[in-house]
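Colleague: Okay, here's what each chain looks like letter by letter:
Protein chains: 6
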Amino acid sequence: MHEIGVVYRNIRRADGGVAIKLGACGTATVHEAMGRVGLMKPYMRPIYAGAQVAGPAVTVLLQPGDNWMLHVVAEQIQPGDMVVAALTSDSTDGYFGELLATSFAARGAAGLVIDGGVRDVRVLTSMKFPVWSKAISARGTVKATLGSVNVPVVCAGMLVTPGDVIVADDDGVAVVPADRAQKTLEAAAAREANEGEKRAKLAAGVLGLDMYNMREPLQMAGLKYID
Amino acid sequence: MHEIGVVYRNIRRADGGVAIKLGACGTATVHEAMGRVGLMKPYMRPIYAGAQVAGPAVTVLLQPGDNWMLHVVAEQIQPGDMVVAALTSDSTDGYFGELLATSFAARGAAGLVIDGGVRDVRVLTSMKFPVWSKAISARGTVKATLGSVNVPVVCAGMLVTPGDVIVADDDGVAVVPADRAQKTLEAAAAREANEGEKRAKLAAGVLGLDMYNMREPLQMAGLKYID
Amino acid sequence: MHEIGVVYRNIRRADGGVAIKLGACGTATVHEAMGRVGLMKPYMRPIYAGAQVAGPAVTVLLQPGDNWMLHVVAEQIQPGDMVVAALTSDSTDGYFGELLATSFAARGAAGLVIDGGVRDVRVLTSMKFPVWSKAISARGTVKATLGSVNVPVVCAGMLVTPGDVIVADDDGVAVVPADRAQKTLEAAAAREANEGEKRAKLAAGVLGLDMYNMREPLQMAGLKYID
Amino acid sequence: MHEIGVVYRNIRRADGGVAIKLGACGTATVHEAMGRVGLMKPYMRPIYAGAQVAGPAVTVLLQPGDNWMLHVVAEQIQPGDMVVAALTSDSTDGYFGELLATSFAARGAAGLVIDGGVRDVRVLTSMKFPVWSKAISARGTVKATLGSVNVPVVCAGMLVTPGDVIVADDDGVAVVPADRAQKTLEAAAAREANEGEKRAKLAAGVLGLDMYNMREPLQMAGLKYID
Amino acid sequence: MHEIGVVYRNIRRADGGVAIKLGACGTATVHEAMGRVGLMKPYMRPIYAGAQVAGPAVTVLLQPGDNWMLHVVAEQIQPGDMVVAALTSDSTDGYFGELLATSFAARGAAGLVIDGGVRDVRVLTSMKFPVWSKAISARGTVKATLGSVNVPVVCAGMLVTPGDVIVADDDGVAVVPADRAQKTLEAAAAREANEGEKRAKLAAGVLGLDMYNMREPLQMAGLKYID
Amino acid sequence: MHEIGVVYRNIRRADGGVAIKLGACGTATVHEAMGRVGLMKPYMRPIYAGAQVAGPAVTVLLQPGDNWMLHVVAEQIQPGDMVVAALTSDSTDGYFGELLATSFAARGAAGLVIDGGVRDVRVLTSMKFPVWSKAISARGTVKATLGSVNVPVVCAGMLVTPGDVIVADDDGVAVVPADRAQKTLEAAAAREANEGEKRAKLAAGVLGLDMYNMREPLQMAGLKYID
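Protein chains in written order, with my numbering: chain A, 4 to 230; chain B, 4 to 230; chain C, 4 to 230; chain D, 4 to 230; chain E, 4 to 230; chain F, 4 to 230.
The hints are simulated quantities; they were obtained by calculation from the structure and are not laboratory data.
Just so it is clear, CB atoms sit at the ideal spot from N, CA and C, and this is done for glycine as well.
It is possible that some hints are incorrect.
Stated by the list, open to error - The following label-pair restraints were derived from C-beta to C-beta distances:
| no. | chain 1 | residue 1 | chain 2 | residue 2 | range |
| --- | --- | --- | --- | --- | --- |
| 1 | A | 225 | C | 146 | 50 to 56 Å |
| 2 | D | 13 | E | 146 | 43 to 49 Å |
| 3 | F | 38 | D | 197 | 57 to 63 Å |
| 4 | C | 198 | B | 228 | 43 to 49 Å |
| 5 | E | 214 | A | 20 | 56 to 62 Å |
| 6 | A | 20 | C | 198 | 34 to 40 Å |
| 7 | D | 38 | F | 230 | 32 to 38 Å |
| 8 | F | 38 | B | 228 | 16 to 22 Å |
| 9 | D | 53 | C | 194 | 17 to 23 Å |
| 10 | F | 219 | D | 38 | 45 to 51 Å |
From just these sequences and the hints, can you work out the full model?
Modeller: Spelled out as structure tokens, the structure:
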């Protein structure tokens with residue numbers, strides 16, 4: 004599917020305000036609001052706990068052991084963007100570190116999601132530059148082979164089209180197609196609206212069995228209680 | 004081995020006081036005190052560092068991608084219980100999150116051990132609800148297929164019978180059969196009693212080689228020193 | 004390759020002062036300064052974030068499920084040494100814990116790198132005794148079979164000769180052959196010298212594309228921009 | 004749960020004739036007949052294709068890197084038995100090879116299921132001694148530490164009680180509790196009885212959608228067809 | 004990205020004749036002819052050696068532990084199609100076996116590619132129904148939750164759009180977008196045309212160093228020969 | 004440890020006749036004869052069953068995703084050599100296929116051991132060119148970055164010095180240092196000499212417990228028999 008050696012300069016980004024609001028909802032809520040789809044695989048972990056960000060995706064496709072295209076994608080970053088880096092084959096090398104983070108931050112990037120490794124994680128943590136990655140590795144890379152920028156990529160099992168909203172927090176990374184961002188936000192907001200009430204009931208000792216009226220369907224499915 | 008579709012309401016819990024004292028000993032000591040058995044596999048990790056808890060096991064068997072039975076088990080929780088969730092096949096989905104944690108906490112659960120995934124980990128961390136899991140994942144689950152509650156289960160490679168004492172800390176999770184809890188506690192206490200003295204000696208520079216009288220058995224096994 | 008059942012008492016350690024300076028450079032810089040070689044596999048992770056140490060390697064070869072030789076190696080530790088523990092076959096058991104850490108610390112060890120498991124991680128963290136390991140596991144080990152001390156070992160995919168400099172931080176673990184330590188330090192220092200300037204430029208918004216003069220080689224490699 | 008250092012000589016074996024008939028049904032059918040439970044994890048693979056056997060379980064618990072107890076279990080084998088070897092911690096070493104296979108075969112063992120490694124696989128294949136294992140490895144083991152024989156063990160995620168029926172083929176390994184063997188055989192036979200008719204219909208081009216009357220439940224679940 | 008609960012009946016299939024010719028080229032050649040892209044991850048393995056097939060993709064998205072949609076997709080199969088089954092979360096259960104294979108074969112399917120498990124592999128092998136899968140497992144599945152048919156899916160890391168050509172052999176699985184099938188075939192044929200000559204030269208002892216004129220670029224890259 | 008960009012033309016090969024005899028002993032026997040050391044990790048698997056070869060090692064160090072140096076090493080192959088390919092970071096790409104195999108075979112190579120992927124496995128199998136690899140993958144590689152030839156490498160966890168004897172069969176791969184080859188052969192031959200007698204006794208029903216006089220040491224270790 005991938006084109007190699009091309010940089011698309013003009014992409015249609017999802018609305019930045021919508022992206023920020025989706026970020027505030029968090030990965031789990033957004034994923035539920037889309038109908039329980041859109042998550043990257045759970046091996047994608049944040050390099051430090053507590054970051055929760057979102058933004059339109061700028062994508063980059065890297066060759067194994069080669070981070071040349073990360074310099075190319077830097078130029079395409081607009082403030083608020085999330086960079087999504089995919090690889091043409093599995094690798095855990097350290098494609099990204101302090102200097103690239105400094106550059107990405109200067110361009111206004113909201114964060115990086117990379118299906119590979121990252122290094123200088125102590126510095127990135129102190130810079131508060133959030134990264135979700137498959138690995139942490141000091142191993143450096145060459146700059147010898149072309150990949151692409153702003154082509155659709157598969158990152159950690161999920162298709163990402165440039166401009167899609169990327170939502171990332173301690174639970175992982177979700178991808179919202181640009182044309183579904185607004186609708187997803189509405190569904191997420193509706194979902195959150197009645198969570199407070201549920202939480203209060205459960206905290207007061209009401210059981211989910213009763214709150215969700217599960218006793219009858221459980222019985223019909225054949226559940227047996229034995230004393 | 005598993006029965007599907009049953010909930011045992013009456014289980015014989017290990018003594019709660021003994022459980023709490025075993026928890027104070029920690030996983031490594033308890034495992035040693037049992038004769039070096041009883042540990043779940045080391046892929047079980049806490050969602051945050053520093054929690055150390057113990058309690059009688061209430062068990063639940065889940066089907067892949069389905070968390071219905073977690074609502075059923077909630078009703079069976081008594082204060083101080085540890086919930087142990089096993090799966091009928093490998094999965095990393097997020098079976099448990101903020102709402103269920105609120106409910107479990109309201110029931111007095113000491114924590115959760117799950118051979119699958121968990122989500123809302125930032126909230127669970129701030130709630131101080133400890134979870135040991137195989138994965139962290141935002142992916143939601145359906146409520147369509149029955150499992151069981153309070154049947155013996157295999158969780159992360161270890162058999163757990165309802166009522167067994169579960170001990171969990173940063174080193175992992177140990178399972179103490181209910182009928183061996185008291186004896187294990189005595190062995191653990193004895194083990195701890197002389198650790199202080201050993202620690203002091205080692206801190207003062209005495210070698211384990213001398214403290215444990217290892218030099219002769221090492222020589223008999225054929226160890227050679229070369230200058 | 005391995006000899007079993009021998010302890011070499013006299014090894015040629017890399018210069019301790021050079022080791023400490025290499026430690027200050029960090030794993031990524033040292034690895035780059037050696038020409039992008041010398042890293043252990045990225046599954047080696049610190050038990051707590053933020054430690055950054057270095058020292059000459061004292062090596063120990065362990066048999067699976069057996070930590071006897073860790074007591075033997077303790078006697079060979081000199082202040083500032085890094086202990087490197089390899090295994091004759093893959094294992095995640097907990098070979099090292101509080102008591103051995105107390106002993107190693109009393110001998111002046113700078114830290115431990117082990118291609119296996121470690122336990123008592125909460126105590127080790129509070130002791131500030133840094134460990135890089137493949138796993139965390141409460142599982143104990145026996146003392147029945149000989150390994151060796153101060154033989155060359157392969158640890159996490161990397162050959163370590165006794166006396167080599169081990170550099171470890173949040174990005175992983177690097178190995179610098181003793182006879183290349185001085186030269187590597189010079190290359191690392193040179194590398195760091197001009198990082199500050201680069202960082203400042205990138206922070207000011209200069210692109211790596213321009214700073215590194217990449218535009219022409221990218222064009223020659225065939226990169227196409229599409230509007 | 005495990006006792007260490009004991010050999011139970013008298014176990015209640017499931018009926019051998021029933022076991023052989025269960026073996027003829029195969030792993031998948033037996034697992035379905037039990038209500039879709041009882042399978043070891045799918046990493047257990049046969050060392051050669053085409054073997055399909057079953058028999059009562061004789062169990063052995065091994066320590067990591069130590070195969071001493073395989074000699075102890077040999078004496079407990081009766082003709083038709085399946086030996087099930089579990090380990091106290093994960094390992095891929097080669098615990099079993101040509102000589103032990105010769106001994107097991109002389110005792111009449113039907114095969115071996117081992118949650119570890121095996122070697123001499125070319126010879127075992129030519130001997131037609133079937134083994135299901137987690138790994139193939141030439142690495143040898145010591146004889147230094149006790150385990151147990153004929154205690155309940157967890158092997159590849161499944162509890163095996165001595166005497167249970169073990170069914171193994173190219174699809175994996177199933178465990179049938181001894182007291183459910185007869186009932187499981189009846190359910191398996193019933194299941195097989197109408198498979199032939201189904202197979203004929205499907206081969207003739209009838210769709211499962213129609214044969215199983217799925218169209219209406221699919222529509223009720225909300226499935227939409229789009230031209 | 005995924006829609007849940009829909010079946011697209013009309014898809015634009017790549018030309019069947021072109022697909023068959025791509026199949027004759029094999030996975031490696033096709034992947035090279037596309038510019039070294041388009042491969043599924045290498046964990047996808049054939050259940051038996053020697054099968055080499057190709058055809059337009061009919062896709063199906065399954066929920067974990069649920070194979071309901073495989074019956075739905077059966078109706079959409081046309082002779083020569085390759086069925087590509089993706090999952091909404093990682094699973095190794097046995098979603099496909101003898102009965103479904105009988106049905107798929109009756110519909111004329113060329114084979115199945117599934118990012119999950121398969122069972123009855125001995126029968127499938129004797130039927131010569133080729134399957135590439137992530138796992139072999141006897142574990143059965145339920146029929147409770149909807150997925151989709153003929154939506155774009157990510158299978159083993161690769162985007163598959165319905166109608167794309169799937170090429171599969173002992174080296175793995177390649178995906179050729181329908182609109183690039185003809186061009187890819189031409190490039191693959193050109194590639195094969197001069198392989199015979201190269202093979203003959205190499206077999207005669209000519210070195211690749213000379214045949215590909217590599218000596219000068221190697222020298223320019225700095226390669227040093229040491230006697 | 005690795006030098007990059009060098010080719011050592013003169014290496015001291017272990018005696019070819021000794022290598023061939025070690026090959027006839029097989030991996031397990033050779034590994035035992037060395038004192039139970041020298042094995043690569045068990046993820047190294049043959050691409051087809053039944054090959055058993057040995058020869059002096061010619062080594063090559065590859066960069067990830069780059070097979071340039073395989074053409075360089077081809078020139079250094081002498082009849083009977085085993086090529087050992089290591090990688091500077093983990094990768095499963097297909098570095099080696101039909102054309103290189105044709106060239107290696109023309110040079111007289113006995114086989115290839117590669118800590119990465121291989122392709123064209125059906126053709127390699129029909130050519131009877133044996134390969135032990137970590138993966139099978141159709142994914143191609145570039146020719147852009149230097150590695151080295153005939154430097155010491157770590158392959159699948161084992162140090163290989165050029166000229167060492169490599170022994171490979173269905174059980175895996177063993178490495179015998181050149182200067183220990185003769186002695187290892189003698190130990191292996193001695194080991195084989197009395198295997199026939201042991202095999203005959205065990206086949207006749209003698210137990211290992213008696214043949215190896217294990218009953219007393221088992222009793223002394225505390226083993227208890229329970230009726």
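Colleague: For the hint 32 to 38 Å, verify it against the beta carbon of residue 38 of chain D and that of residue 230 of chain F.
Modeller: holds (35 Å)
Colleague: Could you say whether the range 56 to 62 Å given as a hint is met by the Cβ separation of residue 214 of chain E and residue 20 of chain A?
Modeller: holds (59 Å)
Colleague: Could you say whether the range 34 to 40 Å given as a hint is met by the Cβ separation of residue 20 of chain A and residue 198 of chain C?
Modeller: Since the Cβ atoms of residue 20 of chain A and residue 198 of chain C sit about 37 Å apart, the hinted range of 34 to 40 Å holds.
Colleague: Could you say whether the range 57 to 63 Å given as a hint is met by the Cβ separation of residue 38 of chain F and residue 197 of chain D?
Modeller: Holds, since residue 38 of chain F and residue 197 of chain D (Cβ atoms, about 60 Å apart) stay within the stated range.
Colleague: Do the Cβ positions of residue 219 of chain F and residue 38 of chain D conform to the proposed distance bound of 45 to 51 Å?
Modeller: Once the Cβ atoms are compared, 48 Å apart, the range 45 to 51 Å for residue 38 of chain D and residue 219 of chain F holds.
Colleague: Go ahead and decide if the range 50 to 56 Å is satisfied by the Cβ distance of residue 225 of chain A to residue 146 of chain C.
Modeller: holds (53 Å)
Colleague: Holds or violated: the 17 to 23 Å window for the beta-carbon distance between residue 53 of chain D and residue 194 of chain C?
Modeller: violated (59 Å)
Colleague: Within 16 to 22 Å: is that where the Cβ-Cβ distance between residue 38 of chain F and residue 228 of chain B falls?
Modeller: At roughly 18 Å between Cβ atoms, residue 228 of chain B and residue 38 of chain F fall inside 16 to 22 Å, so the hint holds.
Colleague: Go ahead and decide if the range 43 to 49 Å is satisfied by the Cβ distance of residue 198 of chain C to residue 228 of chain B.
Modeller: holds (46 Å)
Colleague: At the C-beta level, are residue 13 of chain D and residue 146 of chain E separated by a distance inside 43 to 49 Å?
Modeller: Distance hint for residue 13 of chain D, residue 146 of chain E holds at roughly 44 Å.
In this structure, the one hint that does not hold is number 9.
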